[in-house]
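Q: Sequence:
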Amino acid sequence: MKKVPLEELPVKQPTYMADIRHFFEPVDIEHMAPKGYDLSTYAGVKKHALAIFTHTSPPNADMPPEPDRKWSPARSETFRNWILAGYPVGVAVASGRPAQLRTAAAGRIRRNVADLNKAEIAALKTAFSSIVAKDPSDPYSFYAISSIHGLPQSYCLHHENKYNPWHRVYLKVLEDALRAVPGCQDVTLPYWDIRTPIPNLLKKPPFDSYVVPVELRNPYGSGYKTQRYDQATIDANLLKYDVFKYIDSALGQSLWGAFGVNGFQEASIAAHDGGHTSIGPTMADQNVSSYDPIFWFFHCNLDRIWLKWQRNVSGTTLTGFKSTLSGSTDWLSGPLNVLEPFLLTPDQTIDFADVTYEEPAMVESTVAFENMVGSIDATRTFKIRRSPEMSVTVKNIDRLNIPGTFVVVLLADGEPVAHRAFFQPNPPRECATCRKLGLVSINFRVEQDRVFDRKLSIAIELPGQESMGVRFPVSGAGNPTINARLLIEDA
Numbered sequence: 000m001k002k003v004p005l006e007e008l009p010v011k012q013p014t015y016m017a018d019i020r021h022f023f024e025p026v027d028i029e030h031m032a033p034k035g036y037d038l039s040t041y042a043g044v045k046k047h048a049l050a051i052f053t054h055t056s057p058p059n060a061d062m063p064p065e066p067d068r069k070w071s072p073a074r075s076e077t078f079r080n081w082i083l084a085g086y087p088v089g090v091a092v093a094s095g096r097p098a099q100l101r102t103a104a105a106g107r108i109r110r111n112v113a114d115l116n117k118a119e120i121a122a123l124k125t126a127f128s129s130i131v132a133k134d135p136s137d138p139y140s141f142y143a144i145s146s147i148h149g150l151p152q153s154y155c156l157h158h159e160n161k162y163n164p165w166h167r168v169y170l171k172v173l174e175d176a177l178r179a180v181p182g183c184q185d186v187t188l189p190y191w192d193i194r195t196p197i198p199n200l201l202k203k204p205p206f207d208s209y210v211v212p213v214e215l216r217n218p219y220g221s222g223y224k225t226q227r228y229d230q231a232t233i234d235a236n237l238l239k240y241d242v243f244k245y246i247d248s249a250l251g252q253s254l255w256g257a258f259g260v261n262g263f264q265e266a267s268i269a270a271h272d273g274g275h276t277s278i279g280p281t282m283a284d285q286n287v288s289s290y291d292p293i294f295w296f297f298h299c300n301l302d303r304i305w306l307k308w309q310r311n312v313s314g315t316t317l318t319g320f321k322s323t324l325s326g327s328t329d330w331l332s333g334p335l336n337v338l339e340p341f342l343l344t345p346d347q348t349i350d351f352a353d354v355t356y357e358e359p360a361m362v363e364s365t366v367a368f369e370n371m372v373g374s375i376d377a378t379r380t381f382k383i384r385r386s387p388e389m390s391v392t393v394k395n396i397d398r399l400n401i402p403g404t405f406v407v408v409l410l411a412d413g414e415p416v417a418h419r420a421f422f423q424p425n426p427p428r429e430c431a432t433c434r435k436l437g438l439v440s441i442n443f444r445v446e447q448d449r450v451f452d453r454k455l456s457i458a459i460e461l462p463g464q465e466s467m468g469v470r471f472p473v474s475g476a477g478n479p480t481i482n483a484r485l486l487i488e489d490a
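The opening residue of the sequence shown carries number 0 in numbering that gives the first Met the number 0; numbering runs sequentially from there.
Everything labelled a hint here was simulated from the structure, so no lab data went into it.
Take the hints with a grain of salt, since some may be wrong.
Stated by the list, open to error - As a list, the in silico EDC-like pairs of lysine to aspartate or glutamate whose alpha-carbon atoms are at most 20 Å apart: (1) LYS46 <-> ASP18; (2) LYS239 <-> GLU76; (3) LYS171 <-> ASP192; (4) LYS203 <-> ASP114; (5) LYS394 <-> GLU159; (6) LYS45 <-> GLU76; (7) LYS244 <-> ASP234; (8) LYS46 <-> GLU24.
Stated by the list, open to error - Label-pair ranges, simulated between beta-carbon atoms: (9) LYS454 <-> LEU343: 45 to 53 Å; (10) THR232 <-> SER474: 24 to 32 Å; (11) ASP234 <-> SER128: 52 to 60 Å; (12) VAL469 <-> LYS394: 19 to 27 Å; (13) ALA50 <-> PRO415: 21 to 29 Å; (14) ALA84 <-> ASN482: 25 to 33 Å; (15) VAL469 <-> LEU343: 38 to 46 Å; (16) THR125 <-> ALA84: 58 to 66 Å; (17) THR125 <-> ALA73: 57 to 65 Å; (18) GLY437 <-> ASN116: 47 to 55 Å; (19) ALA483 <-> PRO64: 50 to 58 Å; (20) ARG110 <-> THR232: 25 to 33 Å.
Model, not experiment: these values are computed from the prediction.
Backbone N, C-alpha and C fix where the C-beta goes; we use that ideal spot for every residue, glycine too.
Please take these sequences and the hints and turn them into a complete structure.
A: Rendered as structure tokens:
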């Protein structure tokens with residue numbers, strides 16, 4: 000009797016993230032899209048599941064058309080089991096590929112700044128000093144590139160789908176400028192692992208601070224020098240804003256998700272906003288954060304985390320990435336989605352094959368994925384997990400009324416139990432991206448024992464704005480509401 004390969008055995012309890020999404024290759028997706036079949040997303044496959052099953056079931060399958068790509072009886076049975084189970088989304092399964100998989104093929108290998116050797120440090124200092132010294136009118140100057148993010152150009156994107164793609168391109172723009180310096184063509188932008196203290200290299204010129212050579216806007220006049228907190232304050236802030244917890248949570252998400260709701264985006268932006276607010280008054284202000292040299296090493300680390308997540312969920316190709324989306328894919332391409340002022344669209348940032356990150360071998364471990372939410376589509380079955388955590392969401396905060404970056408504090412019997420930073424410029428009404436999303440939600444995942452049978456309330460703080468008072472009145476932030484829910488997942 001012929002032995003059936005392990006990968007061809009039928010799966011009794013398949014899920015979309017672990018099994019079904021891998022059944023469709025790019026050629027299938029491209030071939031069926033003009034016919035109105037979206038095979039790249041959960042919603043599309045679920046919608047057409049019965050038709051897919053009919054056309055792919057052996058022995059009379061007419062799709063895929065190539066004989067060597069026909070579905071096996073085992074695969075067809077797996078797909079049938081998925082339909083009968085109610086189309087469960089499930090969680091991703093780690094690919095098991097080493098982090099250095101693409102290192103050999105990549106032209107740019109970004110390393111931990113703490114691991115650079117003397118020659119690499121010398122080249123990085125030469126390149127960075129050179130772009131800092133350039134005339135502000137030079138498009139390759141540190142000033143010109145930094146001015147894209149905040150003042151005076153303010154192109155940056157946050158709290159929306161294009162946040163990660165935009166910053167991925169932005170990092171490459173600075174890296175290109177560094178590599179354009181004579182003799183520095185091999186320089187790559189290193190990352191600062193925020194789990195470790197700021198390396199001594201970043202506490203010395205030209206990385207310790209920057210003096211803005213032109214007047215931006217009050218209070219940032221010509222000669223403004225970037226500022227950071229001391230390490231003890233940074234460490235305390237990182238713990239207060241749960242930055243490490245959110246990084247771990249981001250890497251364990253199965254879906255791309257949505258800001259203020261769930262998935263990688265929600266956890267990663269929480270780590271981003273908390274990290275910015277932790278480091279110093281300059282980094283906490285969207286208007287000027289990119290002028291602090293540490294911004295670039297900080298964001299390089301965030302991009303590393305995104306790429307690591309992509310690898311974990313088999314999302315380094317556009318096809319694989321789309322399979323992690325639970326909503327529309329329209330934001331990925333098209334002339335209306337160009338990442339201004341750059342000439343790329345988000346879909347072109349998913350596979351940056353020329354760039355990778357060097358990871359220490361000891362950090363490789365099995366990822367325990369999750370896909371837990373506070374609400375779910377009524378057409379799906381679900382279960383309430385015995386989780387020590389629950390979701391507390393502050394909804395419809397009018398961010399446009401709040402002057403700059405703010406912190407929402409969850410209080411139990413008047414004592415803080417959780418802090419969540421929200422990164423934005425001051426005033427936010429002058430930010431086009433902010434105006435598009437004027438009402439925002441802040442989601443906390445807190446241990447039930449810390450909030451049960453206690454009086455809950457919220458407060459809004461303005462870090463670094465002591466002159467305006469420590470607290471911003473909640474009544475001044477529109478009419479926010481508080482939702483408290485147990486966490487649920489696919490049954």
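Q: None of the hints should be skipped; say for each whether it holds.
A: Taking the hints in turn, this is what the structure says about them:
{"no.": "1", "hint": "LYS46 <-> ASP18", "verdict": "holds (17 Å)"}
{"no.": "2", "hint": "LYS239 <-> GLU76", "verdict": "violated (49 Å)"}
{"no.": "3", "hint": "LYS171 <-> ASP192", "verdict": "holds (18 Å)"}
{"no.": "4", "hint": "LYS203 <-> ASP114", "verdict": "holds (16 Å)"}
{"no.": "5", "hint": "LYS394 <-> GLU159", "verdict": "holds (16 Å)"}
{"no.": "6", "hint": "LYS45 <-> GLU76", "verdict": "holds (16 Å)"}
{"no.": "7", "hint": "LYS244 <-> ASP234", "verdict": "holds (14 Å)"}
{"no.": "8", "hint": "LYS46 <-> GLU24", "verdict": "holds (18 Å)"}
{"no.": "9", "hint": "LYS454 <-> LEU343: 45 to 53 Å", "verdict": "holds (50 Å)"}
{"no.": "10", "hint": "THR232 <-> SER474: 24 to 32 Å", "verdict": "holds (30 Å)"}
{"no.": "11", "hint": "ASP234 <-> SER128: 52 to 60 Å", "verdict": "violated (29 Å)"}
{"no.": "12", "hint": "VAL469 <-> LYS394: 19 to 27 Å", "verdict": "holds (24 Å)"}
{"no.": "13", "hint": "ALA50 <-> PRO415: 21 to 29 Å", "verdict": "violated (53 Å)"}
{"no.": "14", "hint": "ALA84 <-> ASN482: 25 to 33 Å", "verdict": "holds (29 Å)"}
{"no.": "15", "hint": "VAL469 <-> LEU343: 38 to 46 Å", "verdict": "holds (42 Å)"}
{"no.": "16", "hint": "THR125 <-> ALA84: 58 to 66 Å", "verdict": "holds (59 Å)"}
{"no.": "17", "hint": "THR125 <-> ALA73: 57 to 65 Å", "verdict": "holds (58 Å)"}
{"no.": "18", "hint": "GLY437 <-> ASN116: 47 to 55 Å", "verdict": "holds (48 Å)"}
{"no.": "19", "hint": "ALA483 <-> PRO64: 50 to 58 Å", "verdict": "holds (52 Å)"}
{"no.": "20", "hint": "ARG110 <-> THR232: 25 to 33 Å", "verdict": "holds (27 Å)"}
Hint compliance for this structure: hints 2, 11, 13 are not met, and every other hint is.
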